[in-house]
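*Asks:* Listed below are the residues making up each chain.
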Amino acid sequence: MRRLLLTLRTAASSPVRNARSATVLGRLLGLAFLVCLLTGLYSHFLQEPASWMRFPTSPVWLYQVTQGVHITAGIAAIPLLLGKLHAVFPQLFQTPPVRHPVQVLERASIALFVATSVLQLVTGLLNTYQWYPWPFPFKQVHFALSFVIIGSLAVHIAVKLPLIQRYWRARDSYDADGRFVEPSGELDPARAEHQAVRELALLRRDEPQPRGLVGRVTRWIDDAREPEREPARSRVTRRGFFGAVGVSTVGVVALTAGQSFTPLQPLNAFGPRQRGLGPNDLPINRTAAAAKVLETAMDPDWTLTIAHGERSMALSADDLEAMTQGDERLPISCVEGWSQTAHWRGVRLVELMALVGAPADRSLRVTSLEEKGGYRVMLMGPEYATDPATLVALEVNGSRLDIEHGYPARIIAPGRPGVLQTKWLSLIEVI
Amino acid sequence: MTRSSAVPAVPASTGRGVRAVRAVLLVVGVALIGVGGWVLTDTVSPTRYGGLLVWLIGAVLAHDAVIAPVVAGVALLVGRTGRRVRPAVIAIVQVGVVVGVVLTLIVVPEIVAKARGPKNDTVLPFDYGARLGVAWLVVAVLTALAVAGWVVLARRREARRSA
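Taken in order, these protein sequences are the chains called C and H. Read in order, the letters of the first sequence are residues 1 to 431 in my numbering. Read in order, the letters of the second sequence are residues 1 to 163 in my numbering.
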């Protein structure tokens, strides 16, 4: 077993698999995960705010950008994580597997980090494809794992900090010939142990060398590794590795982020959404059929009820159309990352609230015609309710709302996730 | 083994500052893992833990037992057989292959999800399989151009040196 681990570790060694590579990729990956955590927390609290929380309504594209960055950083983290795991792969085969009780905890924290981060990226990506093949709820697990990932990452950085510091700069990492300067035994005990065991094995010439298949494989591997020991060659290998990780990361971002960012729109080859596609030139998520509103939304007797305590009034579509119309350019920004700015026209919410004498500091409860669904009832904080840009929209992109976009009337507010831009309005209550 | 006792369990601190930062990171890290665990037990039904555990272990196995050994094996094969080829050419081709493979990893689930039938026509609107084919073609052409360009430059450099 010891020999197997030794052979595997030696076989897996390569000029790109050193502490400097791990430091470089670890920095980028850590940054990507941190960005994902912060933008993810912002999105989470927008959707499930504590009662005291208030959010900025300006700039109107704030959520569009934070959520676009969340998804894009997550996609960029896929090649970065693969590269990082590639750089540290030999660490998997330590001999002996555990030398010290503290090391059990260290290896456990890495196992936890690898498991949670791989799963997080896989489920996050598949969520943007709206495919959920796993036996647990996506949203809750995605939220819980985000803390575990950052926590196990912090533990991992704590353990490796002296090594990270040692290899932070390229000029401290390679000698004049471009050879990697190995760390001292104090800094990288696992590596020192591996070297010691290997040297011991070489010294004991009397110990029988592996024969048969194992021996042949070992020699074959040694042979394959031989040319990489030249410094010039290992420098090329390293550049190839970083080139591969870098181009892959830039490539996957460039070919998918057009669903969220205008400059990359022409390159959107693999994004799960395409801007401008759909009724009213706008993509949709929940359809009228899925929401079971095909009849209620088309009912000619439809009214929007506005209630403030005892005072309440019912407005028909004609009543709303007869009121002063406001125009706003606001984005629809989905939590799945895609977004699109559209031209909305409708009654300003503040004017409707004035009709029932609602005070400025109150929240609203907005109810859709939907029969059921997690977003049938939406709560709106006063920062959105009193923002003049918030509309009860009747038109989008120059024509009457399509039923898929919430006909007869929907909410559109600045800087909120798409699921909270309630469609097929039925009731607005001041609470 | 006597050496083991002399070698520390984990990288040794190099100063008081490092020690302090490590302590803070460790405490924050353990606390965050605790928060994650608490959120999980608070929001996810215990009946789902088994499935989650299977997927977590599966994620590690998919990488450590499938992806990584295949990559290591291919790297060894290339190291053995690619001796007659210039190292830089191998490196350029490797960049192309990795880009193609990473794109494939991201797009294949998209093809599957599309085949299963999206909720509406604006979800997954493209023919992702065909686009992936085109992407591989583009990567192949760009890689070939990069190799050709590199070889031309290298020959010129050698000619100048010998002249």
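Note that these hints are calculated values from the structure, not bench results. Note that the coordinates shown come from a computational prediction; the quantities given were computed from them, not determined experimentally. One or more of the hints may lead you astray.
What the hints assert, rightly or not - A few chain C residues that don't get close to chain H, going by computed Cβ distances all over 12 Å:
| no. | residue |
| --- | --- |
| 1 | P49 |
| 2 | T237 |
| 3 | F242 |
| 4 | G271 |
| 5 | T341 |
Claimed, not checked - Here are the simulated distance ranges between beta carbons:
| no. | chain 1 | residue 1 | chain 2 | residue 2 | range |
| --- | --- | --- | --- | --- | --- |
| 6 | H | R116 | C | L277 | 48 to 54 Å |
| 7 | C | G374 | H | A115 | 25 to 31 Å |
| 8 | C | W220 | H | L137 | 30 to 36 Å |
Glycine included, each C-beta is placed from N, C-alpha and C at the ideal position.
*Asks:* If a hint holds in the structure, say so; if it does not, say that too.
*Replies:* Here's how the hints hold up against the structure:
Non-interface call for P49(C) relative to chain H: holds, since the shortest CB-CB distance, roughly 16 Å, exceeds 12 Å. Against the 12 Å criterion, T237(C) falls within the reach of chain H, whose nearest CB is about 7 Å from its own CB. A beta-carbon of chain H is positioned within 12 Å of the beta-carbon of F242(C); the least distance is around 9 Å. Under the 12 Å C-beta cut-off, the non-interface status given to G271(C) relative to chain H is violated; the minimum distance is some 8 Å.
Distance to chain H confirms T341(C) as a non-interface residue, since its nearest Cβ pair spans about 16 Å, more than 12 Å. Between R116(H) and L277(C) the beta carbons are some 20 Å apart, a value that contradicts the proposed interval 48 to 54 Å. For the pair G374(C) and A115(H), the beta carbons lie near 27 Å from each other, so the given range of 25 to 31 Å is met. At about 35 Å, the beta-carbon gap between W220(C) and L137(H) stays in the expected band of 30 to 36 Å.
In the structure shown, a violation is registered for the earlier hints numbered 2, 3, 4 and 6, in ascending order.
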